[in-house]
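Protein chains in written order, with our numbering: chain A, 47 to 374; chain B, 12 to 294; chain C, 3 to 426.
Treat the hints as calculated values from the structure; they're not laboratory data.
Heads up, a few of these hints could be off.
What the hints assert, rightly or not - DSS-like cross-link-like pairs, simulated, lysine-lysine; straight-line CA separation at most 25 Å:
(1) C/134 / C/318
(2) C/120 / C/387
(3) C/287 / C/44
(4) C/234 / C/172
(5) A/275 / B/120
(6) A/128 / C/318
(7) A/264 / B/281
(8) C/367 / C/122
(9) C/182 / C/293
(10) A/180 / B/67
(11) A/128 / C/104
(12) C/44 / C/293
(13) C/125 / C/287
(14) C/367 / C/153
(15) A/139 / A/310
(16) C/122 / C/354
(17) B/281 / A/178
(18) C/120 / C/293
(19) A/275 / A/264
(20) A/178 / B/67
(21) B/24 / A/180
(22) C/153 / C/183
(23) C/120 / C/134
(24) C/387 / A/139
(25) C/122 / C/136
(26) C/415 / A/139
(27) C/387 / A/310
(28) C/192 / C/136
(29) C/293 / C/234
(30) C/354 / C/44
(31) C/287 / B/67
(32) C/172 / C/375
(33) B/120 / A/86
(34) C/387 / A/128
(35) C/183 / C/172
(36) C/183 / C/293
(37) C/415 / C/172
(38) A/139 / C/423
(39) A/264 / B/24
(40) C/293 / C/153
Given next are the chains, with one letter for each unit.
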Amino acid sequence: MTAPTASKEWYDVSGVVSVQRVYPQGYVTLRKRRRARRVKDIITSWLFILPAMVLLAAFLLYPLLSSFYLSLTDYNFVYSPKPEFSGLSNFVKLARDSYFVTAFRNTLQYTVVFFPLLVILALLLALLLNSKVKGTGIFQTAILLPIVVPLSLAGVMFTWIFSEDFGILNHLLANVFGLPGLRRFWLGDPATAMYSLTAVGLWKYTGFAVILFLAGLKAIPGDIYEAAKVDGVSPWQSLVYVTLPNLRGSFALVGAWGIIQAIKVYDQVVVMTNGGPGNSTLVLYLYAWKNAFEFFEMGYAEAIAYFTGALAFVISILFNLVLKPEKR
Amino acid sequence: MKLRRPRAIVIQKAAVIILGIFASLIILSPIIWIILTSLKDVNEIYRVPMTIWPEKVVSTNYLTVIRGLPEFPIYFFNTLKVTMGTLAIVLPLSAAAGYALGRREFPGKFLINSFLFFVLAIPYLIFLVPIYIIEDTLRLLDTNLGLILPYAALNLPLGIFIMQTAYREIPSELEDAAYIDGANAFQTWARVLTPLVVTSLAAVTIFTFVAVWEEYMFARTLMIETSAQTLAVGLPTLKVEAKSWAYGTLSAALTLSLIPIGVVFIVLRKYFVEGVLRGSIKG
Amino acid sequence: MFRKLIFLVIAVGILMFGIGLAAFGEEPKVLKVTAEAWYYNKYPMEEAAKRFQADHPGVSFEWSKAGDFEVAPLMLAWSRDRYIADIAIVASPSEAVAFQAKGLLLDFEDVLKGEYAKDKWLKGFLDQCSIKGKVYTIPTDAEVMCLVGRKDYARDAGLTDAHGNIVPPKTLDEFYTYLKKLTVKDSSGKTIRYGMDVNWSPEYMVYTYFSGVQASRGTIYDDQGNLDFSSKEALALLSFWQRGVKEGLISTSSLVDHNGPRNSMKSGIAAFMWEDHARVVECGKVVGPEKLAIVPIPDSLTNGTIAYTMSLMIPKNAKHPELAKAFVLEQLNAPWFAHYLMDNWGKLLGLKRNLEGRQDLPVWKSVFQIAEKAVGLPKMVDHAKLVDIMTTEIHTMLKMQQTPEQTLANIRKRIRGLNLKPLE
Numbered sequence: 047m048t049a050p051t052a053s054k055e056w057y058d059v060s061g062v063v064s065v066q067r068v069y070p071q072g073y074v075t076l077r078k079r080r081r082a083r084r085v086k087d088i089i090t091s092w093l094f095i096l097p098a099m100v101l102l103a104a105f106l107l108y109p110l111l112s113s114f115y116l117s118l119t120d121y122n123f124v125y126s127p128k129p130e131f132s133g134l135s136n137f138v139k140l141a142r143d144s145y146f147v148t149a150f151r152n153t154l155q156y157t158v159v160f161f162p163l164l165v166i167l168a169l170l171l172a173l174l175l176n177s178k179v180k181g182t183g184i185f186q187t188a189i190l191l192p193i194v195v196p197l198s199l200a201g202v203m204f205t206w207i208f209s210e211d212f213g214i215l216n217h218l219l220a221n222v223f224g225l226p227g228l229r230r231f232w233l234g235d236p237a238t239a240m241y242s243l244t245a246v247g248l249w250k251y252t253g254f255a256v257i258l259f260l261a262g263l264k265a266i267p268g269d270i271y272e273a274a275k276v277d278g279v280s281p282w283q284s285l286v287y288v289t290l291p292n293l294r295g296s297f298a299l300v301g302a303w304g305i306i307q308a309i310k311v312y313d314q315v316v317v318m319t320n321g322g323p324g325n326s327t328l329v330l331y332l333y334a335w336k337n338a339f340e341f342f343e344m345g346y347a348e349a350i351a352y353f354t355g356a357l358a359f360v361i362s363i364l365f366n367l368v369l370k371p372e373k374r
Numbered sequence: 012m013k014l015r016r017p018r019a020i021v022i023q024k025a026a027v028i029i030l031g032i033f034a035s036l037i038i039l040s041p042i043i044w045i046i047l048t049s050l051k052d053v054n055e056i057y058r059v060p061m062t063i064w065p066e067k068v069v070s071t072n073y074l075t076v077i078r079g080l081p082e083f084p085i086y087f088f089n090t091l092k093v094t095m096g097t098l099a100i101v102l103p104l105s106a107a108a109g110y111a112l113g114r115r116e117f118p119g120k121f122l123i124n125s126f127l128f129f130v131l132a133i134p135y136l137i138f139l140v141p142i143y144i145i146e147d148t149l150r151l152l153d154t155n156l157g158l159i160l161p162y163a164a165l166n167l168p169l170g171i172f173i174m175q176t177a178y179r180e181i182p183s184e185l186e187d188a189a190y191i192d193g194a195n196a197f198q199t200w201a202r203v204l205t206p207l208v209v210t211s212l213a214a215v216t217i218f219t220f221v222a223v224w225e226e227y228m229f230a231r232t233l234m235i236e237t238s239a240q241t242l243a244v245g246l247p248t249l250k251v252e253a254k255s256w257a258y259g260t261l262s263a264a265l266t267l268s269l270i271p272i273g274v275v276f277i278v279l280r281k282y283f284v285e286g287v288l289r290g291s292i293k294g
Numbered sequence: 003m004f005r006k007l008i009f010l011v012i013a014v015g016i017l018m019f020g021i022g023l024a025a026f027g028e029e030p031k032v033l034k035v036t037a038e039a040w041y042y043n044k045y046p047m048e049e050a051a052k053r054f055q056a057d058h059p060g061v062s063f064e065w066s067k068a069g070d071f072e073v074a075p076l077m078l079a080w081s082r083d084r085y086i087a088d089i090a091i092v093a094s095p096s097e098a099v100a101f102q103a104k105g106l107l108l109d110f111e112d113v114l115k116g117e118y119a120k121d122k123w124l125k126g127f128l129d130q131c132s133i134k135g136k137v138y139t140i141p142t143d144a145e146v147m148c149l150v151g152r153k154d155y156a157r158d159a160g161l162t163d164a165h166g167n168i169v170p171p172k173t174l175d176e177f178y179t180y181l182k183k184l185t186v187k188d189s190s191g192k193t194i195r196y197g198m199d200v201n202w203s204p205e206y207m208v209y210t211y212f213s214g215v216q217a218s219r220g221t222i223y224d225d226q227g228n229l230d231f232s233s234k235e236a237l238a239l240l241s242f243w244q245r246g247v248k249e250g251l252i253s254t255s256s257l258v259d260h261n262g263p264r265n266s267m268k269s270g271i272a273a274f275m276w277e278d279h280a281r282v283v284e285c286g287k288v289v290g291p292e293k294l295a296i297v298p299i300p301d302s303l304t305n306g307t308i309a310y311t312m313s314l315m316i317p318k319n320a321k322h323p324e325l326a327k328a329f330v331l332e333q334l335n336a337p338w339f340a341h342y343l344m345d346n347w348g349k350l351l352g353l354k355r356n357l358e359g360r361q362d363l364p365v366w367k368s369v370f371q372i373a374e375k376a377v378g379l380p381k382m383v384d385h386a387k388l389v390d391i392m393t394t395e396i397h398t399m400l401k402m403q404q405t406p407e408q409t410l411a412n413i414r415k416r417i418r419g420l421n422l423k424p425l426e
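Please model the entire structure based on the sequences and the hints provided.
Here's what the structure looks like:
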């Protein structure tokens, strides 16, 4: 997209040049009036932005600062009268808390499985939907439908599907495909619980990533393919050498977005396993939430939240740096 | 130049269709299974060995939801109210802020944009505890407004980004013409520029709508009483509620809750995809 | 533009002010009750309200349904003096103690006289509800931890006496042989009918565990007077469970769903269930009451088991505390209400008079036998954290990721900083 360059030009125009256009000769008067105009301009700009800023200040900026302070305090919401400053002790506690380490490991495990599968599945489905065959509209509807299914409700659906004795998955494996050996207690077994939750996340989020890839595919000019065809390039080669490199921007977008979705995994975990069995599906979000709203340890919860936030922030920045789209 | 043979094209088309059907079926299967379950009698649902197709299609589960589950309409209308309320705040505010950031120069702009970018990249969990404390103080817990305000704040950054790019792309001649005609900034924004960015407003609507409709963590924390809960929070509590053998009614409730948004999605799918495309490229 | 913005600001201000007013505003004589949603489905609350209104004209009721987590939100609300309801029906007295410790509850001392005098209640249950001699909650929905068994399966396995009753196992080891006989596996070695389903869900964990400890030791404390996570009996209990799971005799359905054991019982894929006595009535409705029997946990007839009750609480910020107390005693402990609970859901209430005429029914006879020796859990401020730790560690063990010894050691290590001192 070339928007940034266009806008830059526009800024220059808005300040001096456009005014010059209106008063081509009065350059000196203009300098006098410019200051007054400028102040009025600034006020007008701020009036436009003020309502949004008030809301953002109250519900994002203040919480951001307040939670940072809280993360440095010992604050039990029910038992302590007010937050007591305790320095970095919450963060020191993190390192020693084996449940936190488990939650961190589980979140990473989720991410490591979720993320590549998300990218691959979404790319394949996007390529499928991008083919110029009649009827892909229906497929598109079906493939994208999970986008509008709330993840928590998907969790309820999949709990039923994964049920050991009454679940369709075990039934299909054992009685329809004839593979009784693959029957599992999907959510009750630490070996499979996390993967089951990952599957639900993929079901829900792949559709959205498909759209992001579709956007990238649609933006590739058709004449590149024509040229490739003329050169006798096979479809496979054109995928590898034409399509994929041109999807760089989409990869960056899906990457940054997908990583955040993975790190903030929460909804289906709460609904389906609530961290169990044992703490084999305890994830960072859930552990922070439990500390805050079950044990009322707001300070410690914010320390976990800040850790999670920093993790997501750093990874998404790295992603943007590595896959930054080349300027054309 | 090589011409593709028709046979190859037919094979390719057939492959696309077969793969498409296969992928669609796999993705739709959980929803189909829930619908099938909702049509079964409770004894059939919990029978071992199980059946896939209902032996006898019954409507009892749906009747139970409609007659015996007064929470269901409450959840539904709460969700609707919260979604509409959030949109009512996000749309005008993101349009106004997007205009200022996209078309005007003023001190603090870079700071605001950096803040918006920063907020987009960090998980919302960080905000939850302070927002809980704020709402506890303001007595906003268990009220619809108590969800609308944080949802509006959380969805504004993306909305502002989308609108900012949209306003920026309008050629400046239009705006200059309006100024020469004597219009002030507000009039220019409201009457000249905003009608040109309706498609982007639609994208913001779609993003916000989907995000609010399915939000779980904030809703679960800030809305404790059934009377204030949304579908995403309320329906799962029916599962954990100490009532076993509930999957018949639960499936019926799930199916009913997915119908409205599913229908909206199927009807508006094209606009939806375009909206997300637009939003994703710009945002 | 200015005007529009100012208008917006004012509108938001008015809206928030209005909501503030609505939160503070008071309607005359509305008695608000909060409980988890299932409570209203199971119990005749509307009927109780109607009867109460006949005696106290002008009172109306509002039912508030709590979501999926009960104690914590109330704690958060009441500790900030936020009004939720006049009566809360939640949790066990051992959890309710946290509220009392913060001084958030009204006591019932002034109304426990005459027909409601303290000696008119089942002692075990009322004792659980008192702290330092004062009664802060009224027991409701009381249960004792025991085994529920399938008589027909036991008969086929030769575990019944001449009358077709299940012979109670005397020790965990003997019980283990029962489970072996009752478990049915298919050719691939996969269990298709479990000997037992134990409720290890977070909701039940402490009651299940301590019922086992109490039954085998006669106390839930170790030799130092701490909660027992070190005795050889505790170790034997965990080993029994782990071995049972490992060999496919015990189902772990409760690890993901606290309704799991009930579902197993109802669909006939478990021969025993280690849960509370009330399930015998509930599951009996599905499989036939004649097929089910209550069986004491081995040794619990001599050593006792754990009794569990939910509690009716009235917070200090209740708007109509007197009416609330009256409703709790007059209707929610009325004979008709008690009989409804017993007949339909197998739950007990606290007043002795409500049991009259029912002691001789076979089901209740065995319940009372077990209940006689049942004890309540101690009241601990850090109950919620204890539950979390025990659930995590014992689930990890049941998934064969640690030995029973390690499990006990981990629990001991993690509870070190908690406030688990029993309040009496």
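Evaluated hints:
1. C/134 / C/318: holds (18 Å)
2. C/120 / C/387: violated (32 Å)
3. C/287 / C/44: The given pair, whose Cα atoms are some 14 Å apart, holds under the 25 Å limit.
4. C/234 / C/172: Satisfied, since the Cα-Cα distance of roughly 18 Å is no more than 25 Å.
5. A/275 / B/120: Distance ~48 Å between residue 275 of chain A and residue 120 of chain B Cα, so the pair is violated.
6. A/128 / C/318: OK: residue 128 of chain A and residue 318 of chain C at ~22 Å, within 25 Å.
7. A/264 / B/281: Holds - the C-alpha atoms of residue 281 of chain B and residue 264 of chain A are around 14 Å apart, at most 25 Å.
8. C/367 / C/122: holds (20 Å)
9. C/182 / C/293: holds (20 Å)
10. A/180 / B/67: violated (37 Å)
11. A/128 / C/104: Judged against 25 Å, a Cα distance of about 15 Å means the pair holds.
12. C/44 / C/293: The given pair, whose Cα atoms are some 23 Å apart, holds under the 25 Å limit.
13. C/125 / C/287: Violated. Residue 125 of chain C to residue 287 of chain C sits at ~30 Å, over the 25 Å cutoff.
14. C/367 / C/153: Satisfied, since the Cα-Cα distance of roughly 17 Å is no more than 25 Å.
15. A/139 / A/310: holds (22 Å)
16. C/122 / C/354: Holds: residue 122 of chain C and residue 354 of chain C sit about 6 Å apart, inside 25 Å.
17. B/281 / A/178: holds (16 Å)
18. C/120 / C/293: Answer violated: residue 120 of chain C to residue 293 of chain C is near 38 Å, above 25 Å.
19. A/275 / A/264: holds (18 Å)
20. A/178 / B/67: violated (42 Å)
21. B/24 / A/180: holds (9 Å)
22. C/153 / C/183: Given that 25 Å is the threshold and the Cα spacing comes to 13 Å, the pair holds.
23. C/120 / C/134: holds (15 Å)
24. C/387 / A/139: holds (17 Å)
25. C/122 / C/136: Roughly 16 Å separates the two Cα atoms, so the pair holds.
26. C/415 / A/139: The given pair, whose Cα atoms are some 15 Å apart, holds under the 25 Å limit.
27. C/387 / A/310: holds (24 Å)
28. C/192 / C/136: The hint is violated at about 53 Å.
29. C/293 / C/234: violated (35 Å)
30. C/354 / C/44: The hint holds at about 22 Å.
31. C/287 / B/67: holds (23 Å)
32. C/172 / C/375: Since the Cα atoms of residue 172 of chain C and residue 375 of chain C sit roughly 16 Å apart, the hinted pair holds (cutoff 25 Å).
33. B/120 / A/86: This hinted pair holds, its Cα atoms lying about 16 Å apart.
34. C/387 / A/128: Since the Cα atoms of residue 387 of chain C and residue 128 of chain A sit roughly 21 Å apart, the hinted pair holds (cutoff 25 Å).
35. C/183 / C/172: Holds, because 16 Å separates the two Cα atoms, which is no more than 25 Å.
36. C/183 / C/293: holds (18 Å)
37. C/415 / C/172: Measuring from Cα to Cα gives roughly 33 Å; hence the hint is violated.
38. A/139 / C/423: holds (24 Å)
39. A/264 / B/24: OK: residue 264 of chain A and residue 24 of chain B at ~19 Å, within 25 Å.
40. C/293 / C/153: Holds: residue 293 of chain C and residue 153 of chain C sit about 5 Å apart, inside 25 Å.
The earlier numbered hints that this structure contradicts are 2, 5, 10, 13, 18, 20, 28, 29 and 37.
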